[in-house]
Amino acid sequence: MKKILVLGIGSSVGDDQLGWQATSLLAALPALQPFLSKQLEIQNHVRLGLHLLQIMQDFSWVFCIDAILTKTSPGEIQRLNMSQLLQSSHHWNTHAIGLTEIIELGQALALLPSQIVCYGITVTEMQYSLKATSLIAMMLPEFVNKIAKELLAILDFYMIE
Numbered sequence: 001m002k003k004i005l006v007l008g009i010g011s012s013v014g015d016d017q018l019g020w021q022a023t024s025l026l027a028a029l030p031a032l033q034p035f036l037s038k039q040l041e042i043q044n045h046v047r048l049g050l051h052l053l054q055i056m057q058d059f060s061w062v063f064c065i066d067a068i069l070t071k072t073s074p075g076e077i078q079r080l081n082m083s084q085l086l087q088s089s090h091h092w093n094t095h096a097i098g099l100t101e102i103i104e105l106g107q108a109l110a111l112l113p114s115q116i117v118c119y120g121i122t123v124t125e126m127q128y129s130l131k132a133t134s135l136i137a138m139m140l141p142e143f144v145n146k147i148a149k150e151l152l153a154i155l156d157f158y159m160i161e
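Using the numbering used here, read the sequence shown as starting at 1 and increasing by one per residue.
Since the hints were made in silico from the structure, they are not lab data. Heads up, a few of these hints could be off.
Ranges of calculated distance between the beta carbons of each label pair, as one might list FRET restraints [to be verified]:
1. His-51 x Ser-114: 28 to 34 Å
2. Leu-135 x Asp-58: 21 to 27 Å
3. Ser-37 x Asn-81: 22 to 28 Å
4. Gln-33 x Leu-105: 31 to 37 Å
5. Ser-37 x Ser-134: 20 to 26 Å
For lysine-lysine, the following DSS-like pairs were computed, each having C-alpha atoms within a straight-line distance of at most 25 Å [what the hints assert, rightly or not]:
6. Lys-146 x Lys-131
7. Lys-38 x Lys-131
8. Lys-131 x Lys-71
9. Lys-3 x Lys-71
10. Lys-38 x Lys-2
11. Lys-146 x Lys-38
12. Lys-131 x Lys-2
13. Lys-2 x Lys-149
14. Lys-71 x Lys-38
15. Lys-131 x Lys-3
16. Lys-38 x Lys-149
All residues carry an ideal CB built from backbone N, CA and C; glycine is no exception.
Build out the structure end to end from the sequences listed, making use of the hints.
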């Protein structure tokens with residue numbers, strides 16, 4: 001059975017909460033409940049780092065969720081697969097080491113899952129506040145719905161195999 005990992009990347013500060021908020025909502029969805037701990041695992045991490053290579057290698061699919069700083073419009077939902085991420089010219093996330101660098105190293109060391117999908121919402125800047133901005137709060141339901149639909153499509157497909 002193929003296993004899927006959903007990684008919420010971020011912190012408890014401002015819009016950086018996006019990854020954690022999204023994973024919390026995904027874990028609570030009734031449609032995903034039957035898959036949790038069997039085919040689907042959901043984790044939160046404070047920062048991207050090389051330790052993620054070790055975590056990711058046990059899964060066939062990895063979904064990374066994070067707030068991102070790009071040239072796209074604030075509030076825009078981004079979805080990139082592994083090859084798109086490696087070809088993109090922007091820094092995918094708001095952390096010191098980016099997902100692009102982790103994927104490049106993982107490729108060189110042959111430690112990557114077969115599929116990596118990255119979801120993010122473009123933010124204007126990282127603010128130090130206890131709450132996410134109203135833009136993130138407004139976009140979160142649509143964002144989580146898109147991720148859940150893709151997860152369910154993959155899970156349903158592999159349940160048939």
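Verification of the hints:
1. One distance hint, 28 to 34 Å for the beta-carbon pair His-51 and Ser-114, is violated here, with the actual separation near 20 Å.
2. As the Cβ distance of Leu-135 to Asp-58 is approximately 35 Å, the hint placing it in 21 to 27 Å is violated.
3. Between Ser-37 and Asn-81 the C-beta distance comes to about 26 Å, which sits within the given range of 22 to 28 Å.
4. A hinted range of 31 to 37 Å for the beta carbons of Gln-33 and Leu-105 is consistent with their spacing of about 34 Å.
5. Under the hint 20 to 26 Å, the C-beta atoms of Ser-37 and Ser-134, about 34 Å apart, miss the expected range.
6. The suggested pairing of Lys-146 with Lys-131 holds, with an alpha-carbon distance near 23 Å, which does not exceed 25 Å.
7. About 33 Å separates the Cα atoms of Lys-38 and Lys-131, which puts this hinted pair outside 25 Å; it is violated.
8. A hinted pair counts as satisfied when its Cα atoms are at most 25 Å apart, and Lys-131 with Lys-71 qualifies at roughly 23 Å.
9. Restraint check for Lys-3 and Lys-71: not satisfied, since their Cα atoms lie roughly 33 Å apart, outside the 25 Å limit.
10. Of the pairs offered as hints, the one joining Lys-38 and Lys-2 holds, with about 10 Å between alpha carbons and a cut-off of 25 Å not exceeded.
11. Between Lys-146 and Lys-38, the direct Cα distance comes to roughly 22 Å. Compliance with the 25 Å bound is thereby established for this hinted pair.
12. Proposed proximity of Lys-131 and Lys-2 is contradicted: the alpha carbons are some 36 Å apart, above 25 Å.
13. The suggested pairing of Lys-2 with Lys-149 holds, with an alpha-carbon distance near 17 Å, which does not exceed 25 Å.
14. For the proposed pair Lys-71 and Lys-38, the alpha carbon gap of about 38 Å is over 25 Å, so the pair is violated.
15. With a C-alpha separation of about 33 Å, the suggested pairing of Lys-131 with Lys-3 is violated against the 25 Å cut-off.
16. Between the alpha carbons of Lys-38 and Lys-149 the distance comes to roughly 18 Å, so the proposed pair stays at or under 25 Å and holds.
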